[in-house]
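Kindly generate the complete structure, drawing on both the sequences and the hints.
Counting from 1, one number per residue, gives the positions in the sequence shown under the UniProt record's numbering.
To be clear, the hints were calculated from the coordinates, so they are not data collected in a lab. Accuracy of the hints is not assured; some may be wrong.
Stated by the list, open to error - Label pairs and their in silico Cβ distance ranges:
{"hint": "1", "residue 1": "Tyr213", "residue 2": "Pro185", "range": "42 to 50 Å"}
{"hint": "2", "residue 1": "Phe16", "residue 2": "Lys217", "range": "14 to 22 Å"}
{"hint": "3", "residue 1": "Ile5", "residue 2": "Gly75", "range": "33 to 41 Å"}
{"hint": "4", "residue 1": "Val71", "residue 2": "Val176", "range": "19 to 27 Å"}
{"hint": "5", "residue 1": "Arg221", "residue 2": "Gln121", "range": "40 to 48 Å"}
{"hint": "6", "residue 1": "Val71", "residue 2": "Phe180", "range": "20 to 28 Å"}
{"hint": "7", "residue 1": "Phe177", "residue 2": "Gln121", "range": "25 to 33 Å"}
{"hint": "8", "residue 1": "Ile302", "residue 2": "Val175", "range": "27 to 35 Å"}
{"hint": "9", "residue 1": "Leu64", "residue 2": "Leu117", "range": "23 to 31 Å"}
{"hint": "10", "residue 1": "Arg120", "residue 2": "Phe236", "range": "25 to 33 Å"}
{"hint": "11", "residue 1": "Leu245", "residue 2": "Tyr213", "range": "41 to 49 Å"}
{"hint": "12", "residue 1": "Gly75", "residue 2": "Tyr213", "range": "31 to 39 Å"}
{"hint": "13", "residue 1": "Gln190", "residue 2": "Lys217", "range": "43 to 51 Å"}
{"hint": "14", "residue 1": "Leu245", "residue 2": "Thr35", "range": "42 to 50 Å"}
All of these numbers come straight from a predicted model, not from anything done at the bench. Where a beta carbon is used, it is the ideal one built from N, C-alpha and C, also for glycine.
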Amino acid sequence: MDIFIRIVIDVILPLFLLIGAGAYLHRLFHFDMNTLSKITTYFLLPAVGFVNIYESDITSDVLLNILFFLVLQNGTLIMLSAMMARWLKLDRSLGATFQNTMVLNNSGNFGIPVSQLIFRQEPLGLSIQIVVTIFQNFLTNTYGLFQFISASEKKGKMTREFLKNPIIYALIFGVVFRVFHISVPSFLWQPLEHVADAFLAIALLTLGAQLAYMNMKRIPRLMFITIGSRLILSPFIAFLIILILHIKGITAQALLIASAYPCSRNTALYALEYNHHPEYAAQAVFLSTLLSPVTVASVIGIAHVYF
Numbered sequence: 001m002d003i004f005i006r007i008v009i010d011v012i013l014p015l016f017l018l019i020g021a022g023a024y025l026h027r028l029f030h031f032d033m034n035t036l037s038k039i040t041t042y043f044l045l046p047a048v049g050f051v052n053i054y055e056s057d058i059t060s061d062v063l064l065n066i067l068f069f070l071v072l073q074n075g076t077l078i079m080l081s082a083m084m085a086r087w088l089k090l091d092r093s094l095g096a097t098f099q100n101t102m103v104l105n106n107s108g109n110f111g112i113p114v115s116q117l118i119f120r121q122e123p124l125g126l127s128i129q130i131v132v133t134i135f136q137n138f139l140t141n142t143y144g145l146f147q148f149i150s151a152s153e154k155k156g157k158m159t160r161e162f163l164k165n166p167i168i169y170a171l172i173f174g175v176v177f178r179v180f181h182i183s184v185p186s187f188l189w190q191p192l193e194h195v196a197d198a199f200l201a202i203a204l205l206t207l208g209a210q211l212a213y214m215n216m217k218r219i220p221r222l223m224f225i226t227i228g229s230r231l232i233l234s235p236f237i238a239f240l241i242i243l244i245l246h247i248k249g250i251t252a253q254a255l256l257i258a259s260a261y262p263c264s265r266n267t268a269l270y271a272l273e274y275n276h277h278p279e280y281a282a283q284a285v286f287l288s289t290l291l292s293p294v295t296v297a298s299v300i301g302i303a304h305v306y307f
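Rendered as structure tokens:
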């Protein structure tokens, strides 16, 4: 019960205050959603991607030990989501949104604070969460972005659209600068930090604006599959893979907990940018985050009991 209350107070409540502010301000001032989307996608997101990778303190040993699990777990989710989208006979646009909400999770501003709470005395737990966050960043801005672009563009144009997105280059530069220990001049680093710091607030205000006029009384049946897959099926798959790979201790706990986080807010941002059912994506993020204290706290309990 203590961990549940702390997750609600320290993680969920701050998120929903910003989401609520965005919804209220949009109703009051009627934001230009296209402008908000462009600022977030082409300015704020590349900065936070570069800064997060550049500042991460990840050793090669930790990365190699965890990478195989992440590839297996996310690869399984990708295959299952594609099969489910085909079985449900979703059109390409809705299918892309459905798959991204199922595969991608909010491992950054949700996962890292939760890990800080759980693994206060175990630095390895937080290090693993940082690895997972970096992996999710790459997955979101490669697989996730590709899904949305491919749903609306022809092959040639799709490739151009993918290569036009600055987050791809931000991630590459972040890795290069990190690996080769290249220093960023202070006159560049300070603006980058300021922009990165602004990302969370603007992203959640944008999400709130997307939800401002949403009719939450009309929840499509597909939403229950999306939320169930993200909050329940994902940690169940992770649990099986952990058992198969004989992962134990803090590593097993951290990986299982990291698999249970709600839908990624970036899915809603990209859905808005590329106009692939942005209301559905925003609703998935909102509802999965709203329900996550119960499911995440349950997964934390299971992780501590079994590992």
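Hint by hint, which ones does the structure fall short of? none
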